[in-house]
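Undergrad: Residues per chain are reported as follows:
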Amino acid sequence: MKKIVLRTILFALPRVLNLTAWKHPDFRRRLKQKNCTAFIGLLDGSIGLTLEINGGKVRSRNANSVEPDVSLLFRDLPTALKFLMPNPDQGDIIHAAKNFKVITKGPDPLVVWFMQTLNLSQTVGVSMGTPMAEGTRRFTTCTNGGPLFVYVKEGRILRVTPLEFDADDAQGWEIRARGKTFRPQRRALVAPHAMTLKSVVYSDKRILHPMKRVDYDPDGDRNPQNRGKSGYVRISWDEALDIVAKEINRQKRVHGPGAITFPMSSHHQWGNVGYYLSALTRFANLIGFTRVAANPDSWEGWYWGAMHHFGNSMRIGVPAGYGGVEDCLKEAELIVFWSCDPESTNGAYAGFEGTQRRLWAKELGIEFVHIDPHNNPTAQLLGGRWIPVRPQTDAALATAIMYVWAVEGLYDKDYVAGRTTGFEEWKAYLLGQTDGIAKTPEWQEAETGVPAKDVRALARKWGNRKVYLAAGMTGAGFGGAGRGATGQQWARCMIMMMAMQGWGKPGVNFGCLQLGTPVDLHFYFPGYADGGISGDLMWTGNAVSNYQRMPHILTMNPVKQMVPRQQLPDAIINGHASGYLWDGISQEAQFAPFTYPMPGYSPIHMIYRYGGSAFSTVTKSGRWIDAYRHPSIEFVVNQSIWMEGEAQFADIILPACSSLERWDIGEWSNSGGYAHHGFGGVNHRVVTLQHKSIEPLGESRSDYDIFTGILERLGLGALFTEGGSELDWVKRVFDGSDLPNHISWSEFCRKGYYVVPPERPDFSQPVDMRWFAEGRQKDLPEPHPLPSQFAEGFGKGVQTPSGKIEFVPEILRRHTADNPDRPALNRYIPSWEGLGTTTLAGKYPLQMIATHSRYSFHTSSDGKNSAVNHVRDHRARIAGHDFWLLRINAVDANKRGIAHRDLVKVYNDRGTVICAADISPLVVPGVVKSHEASAEFKMVDIGGEIVEIGGCMNILTPDRPQTRGTSSMSPNSCLVQIEKWQGAEEFKLSRADTGIAHE
Amino acid sequence: MSKWNLIINVGRCENCYNCVIAEKDEHVGNDFPGYAAPASVSGESTIRILRRVEGQAPMVETTYLPVMCNHCDNPPCMKVGGDAIRKRKDGLVIIDPIKGKGRKDIVRSCPYKAIVWNEELQLPQTWIFDAHLLDNGWKRPRCQQACPTDVFEAVKLDDNAMAQKARTERLKVLLPKLGAKPRVYYRGLERWEACFIGGSVSVEASGKVDCVAGAEVSLYQGERKIAVTKSDDFGDFRFGGLPGKSGGYRVEIHHSAGTARRDCELNESLYLGEIVLVPTHRTPERDPSECVTQKS
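The listed protein sequences correspond, in order, to chains B and G.
In case it helps, the working numbering puts the first sequence at residues 1 to 999.
In case it helps, the working numbering puts the second sequence at residues 1 to 296.
Source of the hints: derived by calculation from the structure; they are not laboratory data.
Be aware that a few hints might be false.
Said to hold, decoys possible - Pulled from the structure, derived: some chain B residues nowhere near chain G, Cβ distances all over 10 Å:
1) L73
2) L521
3) M556
4) T837
As the list claims (entries may be wrong) - With the C-beta cut set under 8 Å, the calculated list includes, among others, these residues of chain B facing chain G:
5) L158
6) E343
7) T355
As the list claims (entries may be wrong) - Cross-link-like lysine-lysine pairs, in silico, DSBU-like; alpha carbons within 30 Å at most:
8) B:K153 <-> G:K139
9) G:K101 <-> G:K113
10) G:K230 <-> B:K362
11) G:K177 <-> G:K89
12) G:K139 <-> B:K751
13) G:K139 <-> B:K180
14) G:K165 <-> B:K362
15) G:K230 <-> B:K180
16) G:K101 <-> B:K180
17) G:K230 <-> B:K466
18) G:K245 <-> B:K895
19) G:K3 <-> B:K427
20) G:K172 <-> B:K362
21) G:K230 <-> B:K330
22) G:K208 <-> B:K413
23) B:K23 <-> B:K843
24) B:K153 <-> G:K99
25) G:K89 <-> G:K172
26) B:K988 <-> G:K177
27) G:K101 <-> G:K89
28) B:K988 <-> G:K113
29) G:K177 <-> G:K230
30) G:K208 <-> B:K466
31) G:K113 <-> B:K153
The beta-carbon is built from N, C-alpha and C at its ideal position, and this holds for glycine as well.
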């Protein structure tokens with residue numbers, strides 16, 4: 001019977017393919033791309049079909065008359081049927097492939113083409129997008145700033161708009177608090193950088209063709225010293241991919257494993273298939289590479305310090321935030337924002353969804369306090385008391401508040417007694433019994449600049465009241481205060497403050513309504529860090545759910561050598577580096593150092609860089625110039641969408657296309673992995689099909705296609721693609737999620753999105769740490785800590801040796817006793833680059849903080865003549881160049897004769913950047929505020945002085961880790977001097993002020 | 001005949017620029033014949049957001065004001081533009097993308113500086129209220145659609161109903177004295193125009209300085225007491241809604257711990273800083289620090 005079925009399927013195949021071609025022009029075009037013959041059938045040849053594709057037509061041929069170019073062979077009949085019947089089970093298919101029950105023969109590029117063509121015949125018939133008036137079609141996409149509709153007419157993007165729900169989409173939740181009922185708006189409140197998408201896709205800085213550096217000859221002189229200086233010549237894709245593949249093989253042959261490295265940026269355009277933790281990881285694993293071990297940049301301070309007090313290592317040391325929206329609206333009297341500016345940082349990916357909720361809090365009369373050197377956009381919108389604190393002195397302020405609580409009894413004594421350990425030792429330190437210095441509000445005043453009276457007033461307003469502490473980006477962790485010399489001290493204080501106030505009790509928690517919406521947490525859709533198509537089980541969240549839900553072939557990087565990201569330039573220049581791992585598996589993982597190079601492996605000789613943001617996102621980024629020019633670096637590939645940043649330092653440039661020019665799928669604000677349930681920041685869970693809305697511009701290609709092109713030359717194309725195109729993978733992600741239970745594939749392709757209904761009102765979301773405050777078993781839906789990490793019994797207590805919140809962490813006692821930078825008893829140690837370092841402060845008296853930009857997501861929307869260049873709060877157009885802004889107080893400006901929008905030179909020993917001055921009382925004297933992540937990196941010589949005019953503030957920041965024993969960044973411990981730029985006139989003269997042209 | 005009007009909620013704008021970017025998205029690369037030629041990639045935006053920061057740390061207040069073409073009923077640009085500009089029956093003002101060519105003089109004619117010059121196409125351009133979208137069934141312009149805090153509210157009403165609404169809700173227009181009769185109204189414009197006088201009350205006792213909550217703070221203009229408030233937990237008090245450049249004021253503070261007074265001149269908003277109470281058992285002598293004038 002089964003034989004008949006197989007014979008029937010094979011018999012029909014040529015007709016099915018021809019019919020599909022007749023109906024669909026895209027498939028017709030596909031068939032015309034190549035001529036080949038293919039055999040599909042059983043390994044023993046007893047049942048099979050030989051297909052011939054010629055001139056776009058498919059016919060069957062006699063098996064004996066022709067030697068097929070490509071063969072798809074099944075070991076047995078059941079396996080063949082599993083593959084060829086409709087709706088194959090992916091688990092069966094992958095199992096068969098891994099166990100050699102199906103094999104392919106033939107040149108790798110042809111095998112890939114043939115299998116992708118078979119798959120295309122299944123998907124080409126599905127109608128994509130929604131037709132609108134006047135020949136327009138509406139597609140959907142998602143970005144780091146939220147989901148959008150994409151309107152296309154005649155192959156061109158007409159406009160992008162925020163996604164809005166219709167009457168058929170699920171109704172949202174409602175919260176009743178203090179006599180009012182709140183319901184979120186039925187539209188996506190997206191971030192400004194999301195709205196720039198069309199402008200960056202059509203940017204005139206798009207790289208449209210593969211390019212080779214003019215003085216780079218892979219078979220002759222490579223001239224590494226000229227990187228960043230030389231121009232480029234256009235080459236063909238074949239030539240570019242041949243050079244890259246050949247170099248990969250040469251590196252392995254001559255140097256051995258580890259010679260190649262892929263410095264990956266922390267983010268990418270949205271989408272589970274194309275993400276760097278997905279397609280790029282799969283590609284890199286199939287090549288083998290020295291891993292660039294990222295520092296926990298978002299979590300500095302929390303990872304190295306705070307987590308030892310309470311656990312949550314799988315969340316990299318930050319609180320979870322469950323149930324925070326409802327609890328805060330119902331119970332809180334006050335929200336204290338500390339290094340927390342959600343109107344700028346959007347809780348990372350949630351756009352302005354939280355803004356609406358904070359305005360509800362304002363309506364309810366909840367008060368606000370803002371602790372920040374800058375009166376930031378959140379403080380500007382909400383109002384409330386501003387407490388301007390000097391950068392990197394936050395721990396002193398926090399300590400003094402706790403002093404007042406301790407001496408005036410303004411803390412939860414029962415909670416401290418029952419749920420914590422070590423308070424007596426901490427209290428002794430506060431009272432001055434340890435070191436003879438009472439940590440009074442008067443004590444901290446000279447450090448922080450905050451008057452003692454204000455500290456006392458805040459402590460009294462806060463102590464034993466129902467207060468939400470909004471620390472860091474989400475209000476539940478992260479934050480610029482954590483990225484400096486005192487980052488750990490501050491984050492540790494945040495936990496200790498909450499421990500003193502009864503963390504988890506009603507109205508007492510971390511948050512600012514940015515996290516903890518009552519969405520359905522149990523609907524399964526993977527986040528970008530959950531593995532994607534990577535096949536990697538060690539360095540993504542794949543093993544948790546994705547690998548089972550979406551079976552795919554696993555990939556492994558056999559190279560164990562790692563290099564710490566912040567020290568990568570030093571590793572290249574000096575030949576060695578050492579660091580400490582970011583690994584959330586336990587609190588202990590961070591204590592063991594690792595070194596580069598590692599015995600058995602080659603040092604790095606080839607850099608394959610995706611994107612180009614290091615100049616403005618890695619500290620002391622000027623080091624990268626020397627690193628790229630170092631003679632040990634024999635080859636640099638840069639794969640980028642735009643010509644900016646580090647792309648100008650490459651030998652070969654491969655043009656990638658944007659997310660609108662390829663297929664993907666993603667859920668809003670769902671990172672997964674280390675930030676489990678991150679979609680608790682949005683009001684509605686929205687899963688989007690990220691339509692390929694237009695064809696790639698110029699000769700640009702999707703990353704996936706570029707990786708396929710390289711791997712095909714190494715015989716790895718079939719393994720990488722598993723015979724599928726990006727759209728095939730998108731469907732596999734769809735099939736592996738809970739979506740098919742609610743919406744069909746064809747409906748999802750047409751409409752483009754699905755709104756997940758909220759959690760049932762009677763299943764209210766548990767509040768973070770409520771279980772702990774009430775002495776119950778843990779009831780949060782998070783799969784951590786690991787079973788072995790509970791002190792007594794599973795689900796009892798937090799992830800510490802005692803199971804309680806520890807004021808003096810046992811883990812630090814055990815492991816950092818010999819490190820004076822990381823004392824078990826937290827204490828305020830002034831910044832090693834601050835006002836206390838008087839010699840340095842004498843030369844560079846101003847403290848600079850460079851935080852996340854509001855109008856770009858890292859570098860992705862900045863520069864490139866995008867719409868963001870018009871934002872006067874982002875760059876200032878002077879003499880036809882868009883200068884980065886530096887925010888200065890009038891007192892500091894007047895002293896230096898600087899007027900609003902003057903060009904100023906910002907400098908220290910590490911470099912010089914030219915900015916436009918923005919003078920206002922929004923920063924206090926002694927502090928200058930800017931942003932990181934300029935996409936433009938541009939050194940110019942004006943009047944004999946070399947200055948950077950793109951706005952890369954990280955040229956000025958220190959590369960020193962916060963403390964010994966960590967691989968951590970400290971950009972916010974930075975001293976600078978500013979002066980009115982004497983070169984301004986010469987610069988203006990050197991440029992035609994047309995108001996149009998950009999370099 | 002119902003016509004288009006726009007209401008802008010002052011105080012809700014947080015300077016996110018979604019409206020400006022949405023506007024660029026709509027017009028860059030798109031030609032809408034009869035409505036607007038494409039906007040230039042690098043040219044000025046037709047929606048601008050002005051910023052006003054008042055006070056000094058820690059008492060600052062920031063207000064953002066989106067401004068754009070007001071689609072005036074008595075437009076100064078039409079006096080200069082001739083038949084290059086037309087006023088539609090629904091109130092919208094459109095600069096003809098063909099007849100406007102070369103007419104740089106039109107740019108200078110707008111007292112609101114709402115007209116930008118497109119150098120590449122040699123055209124004056126404005127925010128057209130997304131007339132092309134409204135004519136195709138859209139209920140609101142793109143700025144309203146993209147704004148996260150509901151700053152914009154497009155309303156279609158006949159002139160009488162709109163006048164009534166403006167009266168009831170105390171809506172204002174910019175530069176009313178020009179008589180241009182804008183169709184863009186502002187709700188809460190006082191926040192952009194008015195000033196505050198504020199301070200922080202403290203007292204010294206046993207060698208420590210503390211904030212004073214619940215002090216009675218009165219504001220006098222001459223002999224007239226015009227407002228009373230109480231200091232909050234940080235000792236802060238604030239009198240808002242005062243006209244700028246309105247001369248001399250006096251602040252008097254009374255509390256069981258003591259009293260204080262300050263005289264000041266109000267030009268722009270004024271934060272008087274820390275005001276230390278003089279204990280009541282001491283004679284309140286006139287103290288030079290009591291007289292505070294505006295810092296420049």
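Undergrad: Would you mind marking each hint as holding or not holding in the structure?
TA: The hints, checked one at a time:
1. With a least CB separation of 51 Å from chain G, B:L73 remains clear of the 10 Å interface cut-off, as annotated.
2. With a closest Cβ-Cβ approach of about 25 Å to chain G, B:L521 is found to remain outside the 10 Å limit, as its non-interface label requires.
3. Even its closest Cβ contact with chain G, about 43 Å, leaves B:M556 beyond 10 Å, as expected for a residue assigned away from the interface.
4. No beta-carbon of chain G comes within 10 Å of the beta-carbon of B:T837; the shortest separation is about 24 Å.
5. A least Cβ separation of about 6 Å between B:L158 and chain G falls short of the 8 Å threshold, and the interface hint therefore holds.
6. With its C-beta approaching chain G no nearer than about 6 Å, B:E343 sits inside the 8 Å limit, and its interface hint holds.
7. A cut of 8 Å between beta carbons decides the hint on B:T355: the least distance to chain G is about 5 Å, and the hint holds.
8. Restraint check for B:K153 and G:K139: satisfied, since their Cα atoms lie roughly 22 Å apart, inside the 30 Å limit.
9. A distance of roughly 18 Å separates the Cα atoms of G:K101 and G:K113; the hinted pair therefore holds under the 30 Å criterion.
10. Restraint check for G:K230 and B:K362: the C-alpha separation of about 20 Å stays at or below 30 Å, so the hint holds.
11. For a cut-off of 30 Å, the pair hint linking G:K177 to G:K89 stands: about 24 Å separates their Cα positions.
12. At roughly 22 Å between alpha-carbon atoms, G:K139 and B:K751 fall within 30 Å of each other, so this suggested pair holds.
13. With a CA separation close to 29 Å, the supplied pair G:K139 and B:K180 stays within the 30 Å bound.
14. Distance restraint check for G:K165 and B:K362: the Cα-Cα separation of roughly 26 Å lies within the 30 Å cut-off, and the hinted pair is therefore satisfied.
15. The suggested pairing of G:K230 with B:K180 holds, with an alpha-carbon distance near 28 Å, which does not exceed 30 Å.
16. Taking the CA atoms of G:K101 and B:K180, the gap is about 55 Å. The hint is violated against a cut of 30 Å.
17. For the proposed pair G:K230 and B:K466, the alpha carbon gap of about 23 Å is at most 30 Å, so the pair holds.
18. Annotation: proposed proximity of G:K245 to B:K895 holds, straight-line Cα distance about 27 Å (limit 30 Å).
19. Annotation: proposed proximity of G:K3 to B:K427 is violated, straight-line Cα distance about 68 Å (limit 30 Å).
20. Pair hint G:K172 plus B:K362 holds up; C-alpha atoms about 25 Å apart against a cutoff of 30 Å.
21. A threshold of 30 Å between alpha carbons decides the hint, and for G:K230 with B:K330 the separation of about 27 Å falls inside it, so the pair holds.
22. Between G:K208 and B:K413 the alpha-carbon distance is near 27 Å, which keeps this suggested pair within the 30 Å criterion.
23. About 74 Å separates the Cα atoms of B:K23 and B:K843, which puts this hinted pair outside 30 Å; it is violated.
24. Annotation: proposed proximity of B:K153 to G:K99 holds, straight-line Cα distance about 27 Å (limit 30 Å).
25. For the suggested pair G:K89 and G:K172, the alpha carbons sit about 23 Å apart, so the restraint of at most 30 Å is met.
26. The straight-line distance between the Cα atoms of B:K988 and G:K177 is roughly 39 Å, outside the 30 Å bound, and the hint therefore fails.
27. Restraint check for G:K101 and G:K89: satisfied, since their Cα atoms lie roughly 24 Å apart, inside the 30 Å limit.
28. With a C-alpha separation of about 25 Å, the suggested pairing of B:K988 with G:K113 holds against the 30 Å cut-off.
29. Of the supplied pair hints, the one linking G:K177 and G:K230 is violated, its CA atoms being roughly 37 Å apart against a limit of 30 Å.
30. About 27 Å separates the Cα atoms of G:K208 and B:K466, which keeps this hinted pair within 30 Å; it holds.
31. For the hint pairing G:K113 with B:K153, the CA-to-CA distance comes to about 33 Å; that exceeds 30 Å, so the pair is violated.
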